[in-house]
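Colleague: Each protein sequence line maps, in turn, to chains A and B.
Everything in the first sequence is counted per full-length UniProt numbering, starting at 1 for the first residue and increasing by one.
Everything in the second sequence is counted per full-length UniProt numbering, starting at 1 for the first residue and increasing by one.
There could be a bad hint or two in this list.
[Claimed, not checked] Listed next, the stretches of chain B that the computed footprint assigns to chain A, with coverage defined by at least 3 CB atoms under 8 angstroms from CB atoms of chain A:
| id | region |
| --- | --- |
| 1 | 21-35 |
| 2 | 62-76 |
| 3 | 209-223 |
| 4 | 283-289 |
Worth flagging that the hints you see were computed from the coordinates, not collected in a lab.
What you are looking at is a predicted structure, and each value in this text was computed from that prediction instead of being measured.
All C-beta atoms, glycine included, are put in the ideal place defined by N, C-alpha and C.
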Amino acid sequence: MIHFVLLISRQGKVRLTKWYSPYAQKERSKVIRELSGHILIRGPKLCNFVEWRGYKVVYRRYASLYFCMCIDANDNELEVLEIIHHFVEILDRYFGSVCELDLIFNFHKAYYILDEVLIAGELQESSKKNVARLVAAQDSLVEAAKEESNSISNIIAQAAK
Amino acid sequence: MEQLKSFGRELAMGSQGGSSKEFLDLVKSIGEARSKSEEDRIILRELETLRRRLSEPDIPRRKMKEYLLRLAYAEMLGHDASFGYIHAVKMAHDDNILLKRTGYLTVALFLDEGHDLIILIVNTIQKDLRSDNYLVVSAALVAVCKLISEETIPAVLPQVVELLGHPKEAVRKKAVMALHRFYQRSPSSVSHLISNFRKRLCDNDPGVMGATLCPLFDLILEDANSYKDLVVSLVGILKQIAEKRLPTTYDYHHMPAPFIQIKLLKILALLGSGDKQASNHMYTVLTEIFRKCDSSSNIGNAIIYECVCCVSSIYPNSKLLDAAIEATSKFLKSESHNLKYMGIDALGRLIRINPDIAEEHQLAVIDCLEDPDDTLKWKTFELLYKMTKSTNVEVIVDRMIDYMINITDSHYKTEIASRCVELAEQFAPSNQWFIQTMNKVFEHAGDLVNPRVAHNLMRLIAEGFGEDDEGADTQLRSSAVDSYLRILGEPKLPSLFLQVICWVLGEYGTADGKYSASYIISKLCDVAEAHSSDDTVKAYAVSAIMKIFAFELAAGRKVEMLPECQTLIDEVSASHSTDLQQRAYEFQALLGLSPQTIENVMPPDASCEDIEIDKSLPFLSNYINQAIENGARPYISESERSGTASTIAVASASQYQHDTSSVHSLKFEAYDLPKPRGPAPSIQSSSMSSLPTISSDLVPVSEATYTTREEQQNPKVQTLADQISAEIGVRLRLDGVQKKWGRQTYSSPSAPSTSSSSSTQKPSNGMVTSETIRENTLDSRKQQIPEVSAEKQRLAASLFGKKAAEKKTQAGTRRPVKEIQPAVATSAPEPLKEDKVIVPAVPPPDLLDLGEPSETATQTIDPFKQLEGLLGPGAGSDVASGPGPSVSAVTTTDLMSLATDMPPIIDSKSSDKGLISSTMTKKGPNVKDALQKDATARQVGVTPTSNNPNLFKDLFG
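Produce the entire structure from the sequences given, and follow the hints as far as they go.
Modeller: Given below as structure tokens:
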């Protein structure tokens with residue numbers, strides 16, 4: 001299973017973290033520090049895997065952002081590499097040529113998408129279309145609610161005038 | 001203008017998330033932060049603001065939503081936002097689905113299953129699982145997966161089970177995953193629901209079916225036998241997927257539902273393991289997948305790798321094994337490090353079935369071993385560890401130790417140190433080598449190895465070969481002493497290693513007369529002085545000094561008391577550690593004894609002698625008789641005492657008041673301790689523990705505790721040590737140790753490698769061709785880098801056994817022949833045809849002249865002769881039998897040489913970069929967007945380096 005997902009920028013800044021196994025807050029910071037030390041210094045032609053504390057961390061770099069997933073020793077690394085790519089493709093489809101900035105300002109949306117891709121540390125949906133549909137369904141709710149609140153606030157505002 | 005644009009983008013982003021200017025400013029300032037400390041300062045300020053805001057009354061809910069997201073942001077950056085958790089829990093309870101979603105998201109980010117607030121969220125979850133809005137149910141299920149702990153499972157379990165039948169597949173899928181999570185937390189909680197998983201396997205939606213494989217995998221991992229009936233249906237599913245019968249939305253990079261395929265293969269590997277019948281069902285579909293998988297894409301290789309794993313796990317099938325071996329060799333030959341890594345892993349699996357496979361890939365393995373990539377190197381060491389034999393143990397362990405010295409990560413250091421020890425114990429070719437290896441391991445990772453290893457080492461030195469060759473034993477010991485005296489000069493030796501050194505110096509330092517007693521003693525004093533804070537090392541040192549004194553005195557020689565030794569003893573006898581004190585007093589007492597007594601107390605080199613304990617203690621009989629005559633009660637053995645106490649309590653009560661008192665009060669137990677004193681006085685054999693009884697006036701320390709302590713640290717006093725350590729549970733693993741180091745290990749080499757050479761002559765056609773192909777490519781590779789290969793070849797030979805080296809040199813000598821073969825193949829048919837033309841043309845001249853035929857005969861033979869020289873003896877014999885077969889032989893080799901050219905072409909395609917670009921090119925470029933993003937990125941300060949914009953554009957554009 002996937003124990004956690006980390007998105008780290010090339011400068012070591014954390015962009016997204018999701019923990020599927022329990023880690024205390026202190027432990028989390030330590031893990032991130034340790035792993036960014038291991039991963040960010042690796043050259044471009046090396047393996048996309050790092051063995052770490054008996055686990056394996058699979059990472060993939062997109063522009064300046066590193067997507068890392070920590071998995072068990074007996075998991076299939078290549079598969080996880082593709083799970084990362086699967087996630088990135090979905091993000092890309094959602095944001096429209098996604099960039100780091102999208103993830104920074106909309107990190108909660110990235111979380112919602114991640115929740116549709118992975119659950120409890122396993123890949124739950126391998127169809128991009130299904131994920132997109134679900135996320136869109138959630139977003140339509142948001143839009144509806146926003147319109148509603150807008151109209152209400154408009155009414156109130158006008159009434160107040 | 002530029003600024004305005006980026007501001008617009010920023011605003012648009014802000015409005016998307018509904019975040020306020022404040023939040024955007026926060027993110028921006030974080031982006032601009034130059035250092036971690038600056039970032040921390042900003043976040044701390046932000047948290048302070050949030051704390052203040054949250055304590056205000058009547059916060060509008062929309063504002064609250066944003067605050068929570070800001071808290072999540074702070075938490076993500078590693079700060080504690082626990083003061084806001086309760087607000088997240090409250091928000092999850094909100095009726096508005098938008099807010100509820102945010103609430104659930106933040107709760108799942110903030111809390112773990114063990115948190116106190118979980119109990120508050122369970123109610124909300126229960127309510128939401130019943131909601132008729134499937135999005136609410138989904139959000140609740142995501143939270144269930146993260147938050148429900150073993151204790152709270154019963155609260156939501158019935159509802160989650162009900163949701164397995166929900167009309168929306170998204171909900172069914174999440175319900176399955178939630179149950180999977182429950183199973184992981186507490187297997188018993190869902191044990192009655194296993195039939196539900198089986199049912200979901202037949203779900204109409206492939207997503208749900210795929211999700212069901214996760215819990216099934218766990219269940220089958222636990223107990224494969226109860227699920228054997230699933231093999232046929234799982235194979236059926238896999239077949240359907242491979243035949244692309246699933247909706248195309250599940251395709252990923254042109255592979256049909258690869259993630260589900262991989263999961264299925266994992267399950268099949270479990271089900272088919274050691275089960276011929278189950279495996280039989282799988283062969284066809286596995287062959288199919290091997291055939292269909294596209295090895296140029298990453299995901300294709302992921303499936304191929306999983307297939308190899310599956311093939312190596314199920315009941316072996318030679319055809320599939322060949323396919324797996326081929327796939328593995330493709331991985332190993334690839335340029336991509338990822339594939340090499342997978343190849344090494346796959347090879348590790350395959351050699352469990354057939355250890356000879358590794359030999360074909362020796363050069364690739366050595367390449368990986370010397371690769372700068374640490375991950376790959378580590379993986380390769382893992383492989384070497386798996387394929388270690390008595391023939392190659394020296395090379396492998398040496399390599400491992402070299403590697404161990406160079407790494408700093410303590411986790412891996414421990415791991416590799418323990419592997420070195422394990423291999424050395426198992427395959428050591430000689431004791432000398434074993435000791436040297438252990439020294440190295442101790443020297444560089446002594447604090448990380450198990451103390452058991454140290455005891456084994458001392459034991460080995462003490463016991464030697466355990467056979468009749470006393471001379472070799474002495475030699476071994478003196479070489480150990482030599483090496484230890486040398487090593488003592490090194491700074492910073494680990495404590496455990498020093499203990500071993502002290503012990504060996506004490507036992508054998510003066511045994512061969514090479515070093516004087518005072519020299520050894522001064523060395524030991526140095527050790528004790530240099531490690532004055534380590535009581536254990538000091539204790540070993542003091543005991544060692546005492547032994548040397550004892551041996552010398554017993555031999556009738558006089559030993560002068562060195563001043564530093566005297567200081568040490570004085571210091572130790574005033575130590576806070578009672579153990580050290582005791583040793584010092586023992587030492588002083590020993591000095592006052594006569595040589596005879598000393599020899600009895602401390603016989604030289606007797607650490608392995610069994611202690612004979614005469615339980616009747618005859619030497620006390622005089623004393624006892626006297627006591628009985630004086631009116632003392634006779635002794636009743638313990639068993640008699642307890643027997644009577646339990647059966648006829650009354651009788652015993654009247655007879656032995658003293659004993660029965662033990663039944664009623666605890667008092668007796670307090671005085672019971674000295675019982676072990678019984679066996680101790682057998683002076684003859686026990687060398688150290690007997691001391692106190694002799695000089696009991698000097699040492700009024702509780703003896704029982706002393707002996708346990710002593711023997712725990714020192715495997716000297718065997719019988720007692722066995723008894724006591726068995727009670728404590730730190731028993732040394734003494735049984736079976738000796739035979740590992742026995743000489744037998746010497747005499748069993750090369751058996752596996754001979755079988756390897758026979759495998760090359762396997763009649764199976766595919767096998768032979770694939771091997772020769774590999775040989776060819778290896779050879780051609782060797783040619784490319786001849787100067788490196790010489791060294792590597794040596795390494796390969798030592799790693800993979802002598803036979804392999806011979807095979808290689810054979811291949812090497814055969815190589816020129818092979819290279820010429822293709823050339824022959826192209827040219828050969830022509831002369832042969834000429835011959836054929838000539839042969840029918842011969843008869844007419846035959847009629848005309850008798851001299852002619854002989855001439856034509858020599859002409860016809862000539863090309864064969866040439867061929868013979870080129871093809872070597874084998875081909876020559878072929879030629880002798882007639883021209884037909886030789887032609888066919890030549891053409892087949894030609895085909896093979898063609899085949900060898902194939903793999904590299906495929907490999908070059910499969911490089912990582914190519915994959916991304918090829919899959920990404922279909923995305924429409926969005927230059928405008930990207931430019932805007934770039935500008936914003938710079939403005940916001942996300943990217944300090946301007947020449948490399950933080951855009952995915954370069955990948956997706």
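Colleague: Evaluate each hint against the coordinates.
Modeller: Taking the hints in turn, this is what the structure says about them:
Only residues whose beta carbon comes within less than 8 angstroms of a beta carbon in chain A count, and the region 21-35 of chain B has 4; three or more means the coverage holds. Counting residues of the region 62-76 of chain B whose CB falls under 8 angstroms from any CB of chain A gives 6; the rule of at least 3 is met. For the region 209-223 of chain B, the stated coverage by chain A holds: 3 residues have a C-beta nearer than 8 angstroms to a C-beta of that chain, and at least 3 were required. Counting residues of the region 283-289 of chain B whose CB lies closer than 8 angstroms to any CB of chain A gives 0, so the stated coverage by that chain is violated, three being the minimum.
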